[in-house]
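Trainee: Chain order of the listed sequences is A and B.
Positions 1 to 577 (my numbering) are the ones given, in order, by the first sequence.
Positions 578 to 756 (my numbering) are the ones given, in order, by the second sequence.
By construction, these hints were calculated from the structure, which means they are not laboratory data.
A portion of the hints provided could be inaccurate.
Stated by the list, open to error - Derived coverage of chain A by chain B (criterion: at least 3 residues anywhere in the stretch with Cβ under 8 Å from a Cβ of chain B; other residues may be distant):
#1 142 to 152
#2 197 to 206
#3 230 to 243
#4 371 to 385
As the list claims (entries may be wrong) - Think about it this way: if two alpha-carbon atoms lie no more than 27 Å apart in a straight line, the pair counts; the simulated DSS-like pairs of lysine-lysine are:
#5 326(A) x 639(B)
#6 748(B) x 329(A)
#7 395(A) x 221(A)
#8 748(B) x 310(A)
#9 708(B) x 200(A)
#10 355(A) x 395(A)
#11 748(B) x 307(A)
#12 708(B) x 326(A)
#13 748(B) x 166(A)
#14 708(B) x 652(B)
#15 339(A) x 748(B)
#16 580(B) x 329(A)
#17 708(B) x 329(A)
#18 166(A) x 580(B)
#19 580(B) x 191(A)
#20 395(A) x 366(A)
#21 527(A) x 605(B)
#22 313(A) x 639(B)
#23 748(B) x 200(A)
#24 580(B) x 639(B)
#25 326(A) x 310(A)
#26 326(A) x 670(B)
#27 748(B) x 192(A)
#28 708(B) x 166(A)
#29 748(B) x 652(B)
#30 310(A) x 708(B)
Here the structure is a predicted model, which is why all the values come from computation and not from measurement.
The beta carbon of each residue, even a glycine, is placed where N, CA and C say it ideally should be.
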Amino acid sequence: MQVKTASFEKVNTKNTLTVSGAEAVIKCLLEEGVDTIYGYPGGAIMPVYDELYKYQNELHHVLTRHEQGATHAAQGYARVSGKVGVAIATSGPGATNLITGIADAQIDSTPMVCITGQVGSHLLGSDAFQETDIVGISTPVTKWNYQITKAEEIPEVMAKAFYIAKSGRPGPVLIDITKDAQFASLEFSYKKCSGIRSYKPVPELNLLQVERAAEVINNAKKPMIVWGQGVILGEAEDLFKQVVEKAGIPAAWTILGLSALPTDHPLNVGMVGMHGNYAPNMLTNECDVLIAIGMRFDDRVTGNLDKYAKQAKVIHFEIDPAEINKNVKADYPVLGDVKESLKALLELLEPNSHKEWHQQFKELYKVEYEKVIKNDLDVNKKDLGMAEVIQQINKQSNGDAIIVSDVGQHQMAACRYAKFNGTRSNVTSGGLGTMGFALPAAIGAKMAKPERDVVAVVGDGGYQMTIQELGTIFQTKVPVKIVLLNNGFLGMVRQWQQLFFDKRYASTTMINPDFITIAKGYHVEAKQVTERSQLADAVKEMMESEEAYFLEVKVEQEENVFPMIPTGAAVSDVLLE
Amino acid sequence: MEKKNYTVSIYTENNLGLLSRIAAIFLKRHINIESITASPSEVTEVMRFIIIVNVTEEQIKKIVGQLEKQIEVIKAFYHTDAETIYQETALYKIRSEDFLNDHNIQDFIKETNARIVTVTKEFFVIEKTGKRSEVDALYETLKPYGLMQFVRSGTIAVTKNEMPISGILEKFNTTNSLS
Chain A
1 MQVKTASFEK VNTKNTLTVS GAEAVIKCLL EEGVDTIYGY PGGAIMPVYD
51 ELYKYQNELH HVLTRHEQGA THAAQGYARV SGKVGVAIAT SGPGATNLIT
101 GIADAQIDST PMVCITGQVG SHLLGSDAFQ ETDIVGISTP VTKWNYQITK
151 AEEIPEVMAK AFYIAKSGRP GPVLIDITKD AQFASLEFSY KKCSGIRSYK
201 PVPELNLLQV ERAAEVINNA KKPMIVWGQG VILGEAEDLF KQVVEKAGIP
251 AAWTILGLSA LPTDHPLNVG MVGMHGNYAP NMLTNECDVL IAIGMRFDDR
301 VTGNLDKYAK QAKVIHFEID PAEINKNVKA DYPVLGDVKE SLKALLELLE
351 PNSHKEWHQQ FKELYKVEYE KVIKNDLDVN KKDLGMAEVI QQINKQSNGD
401 AIIVSDVGQH QMAACRYAKF NGTRSNVTSG GLGTMGFALP AAIGAKMAKP
451 ERDVVAVVGD GGYQMTIQEL GTIFQTKVPV KIVLLNNGFL GMVRQWQQLF
501 FDKRYASTTM INPDFITIAK GYHVEAKQVT ERSQLADAVK EMMESEEAYF
551 LEVKVEQEEN VFPMIPTGAA VSDVLLE
Chain B
578 MEKKNYTVSI YTENNLGLLS RIAAIFLKRH INIESITASP SEVTEVMRFI
628 IIVNVTEEQI KKIVGQLEKQ IEVIKAFYHT DAETIYQETA LYKIRSEDFL
678 NDHNIQDFIK ETNARIVTVT KEFFVIEKTG KRSEVDALYE TLKPYGLMQF
728 VRSGTIAVTK NEMPISGILE KFNTTNSLS
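Isolated chain A (complex conformation) (with noise of 0.2 Å):
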């Protein structure tokens, strides 16, 4: 990219540019293509700051309201658009604040670079004003991190960040820079990372792993597809569908995984784990193989793993060694990146429909209606439930919306009943379950695809978590929509004490602000619902506003979410009721 600043650049005769290290930190964003950027200064990060100032034409920076609204902005800016998202922000507090959003990135493989500023070197180890060791905090939560001490690691230190956040199996990167790093001058030349000696991104596809794999898929009666974000972050969308039509075979998702395949697709047959379908959840102990793509077996998914698809033989499409055999033992692995090892599959598997074994699905489902869906989404019942205002916006919306969920009862509702057409359309705390992410990360959702409706929706526990993002909204005037769910709940906890600590509620009852003066004082249109009546209109209004909107929905207090596999539970255990 061709940058023009007003800065004091001296070119030198290697072709080198003499700049500070504040300046090499921007000009390593830009030659990586990044354009937005979310964050908060403070005095370690000013020189950076102060870069920025000078390159406002060139890079959008974001003032959140809070360090971790940043890292989930920049979390929904990579979810949407599978670039790198970047957060900023000081040393000390600052960086702490950014540890949450670390650990999900971390948990949910989204690629993402931090950058903190740092006390001064010779300060380091002093207890000095607003220090804290983030590289040792952050350790455990990044997939790579480094503090930097002079300015002419920087280049090369950013590089190296940006190719390991992205490659392979992506993650979160921080980059911890002293504030005397940033003031210190370097010769600056950019060369991208192409490959690190001690780190092998992606295991090169065995194909005769692939072979193996067809063979059982090819000889299986009943077959069944279990998929999850890798199918994204691996861009196989379109293979991944081919694969499953070709072969006929019923495809199940996890959060992660969902939209990568159309919600209506005939062989799309729901969710699998602990609120999941009752179809796939069933079948996964009645399955004779067990197709596991791009998906890590997390507890929620499998529930009691000594009583998860034992009758199958299980075959692992994984780009991360580390997870074959981890939690659920692989008979058939095949390492490698999905979109490789799915399109050489794809040349091996021989056409099927598995009619009869797709129509049990059908037959479970019909259970699951009778027992669930329906009175989900039945309009004669007393009160307004969650699945009733998600179906208003999937009809506002024809299925085309970002839908960014939070945490808890609402989560499952949207998961379950928001309708996807297109890929990179569900962003949701899947791994850490982190409570106050959507707000922040539909901004970011909505910057990387202001050409796409965004909606948050959140319940009346998380949206009060990151609740100032709202200035954020108010300043950038980024048009999301808000849905709040209210049900005076922490609905998912209040759930558990209901069924598993004989309706002790302890501390589960939110006493809420009201929460449309709230959104008012930002400056955002807002408005409640009271009475199912109001709800259609209301949705619509919402969906065709120019701006952001924010849309309070009073549900049933006490609704719980169903089917649901208590924890310990097999799968096929799962409850209707």
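With chain A fixed as given, assemble chain B onto it according to the hints.
Mentor: Below, chain B without anything else, positioned relative to chain A:
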């Protein structure tokens, strides 16, 4: 599954902070490290960690997977005692008085091939290099006489089989020579 002593050998880049990244992998799984050493390896600029843990084979396989996943870990291996040649060193400090007055002590030292490192008026320092069990045996023998100080090193080990580190690094250099 049976727990055993496993020797984990980790070849890494020589980078600040890697020790805590490696230690964190054990900490996260609540696994106690019995012994740890780090030193330059046979390959220039490559470090070698040797960590001894008492775990099941299933656990050690997963740990090695997590270790190899770290960016700056070149390769990690695990071995049983039978697959390695391993040694540790211990120093025992005892009162000169006890040593000179009790011939038993002198005999023990001779029998176990321990070595006297330092002699002063007040104390003797004895060094023993050998297997864990041998170091333990001498400790138990000398303990009744009142050890003034006792310290032992981490286990160091080499494997009976080849460690293909140079090959891995060479392969990287060849495939990336154009970039």
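Trainee: Which of the listed hints are not met by the structure?
Mentor: 3, 4, 6, 7, 8, 9, 10, 11, 12, 17, 18, 19, 21, 26, 28, 30
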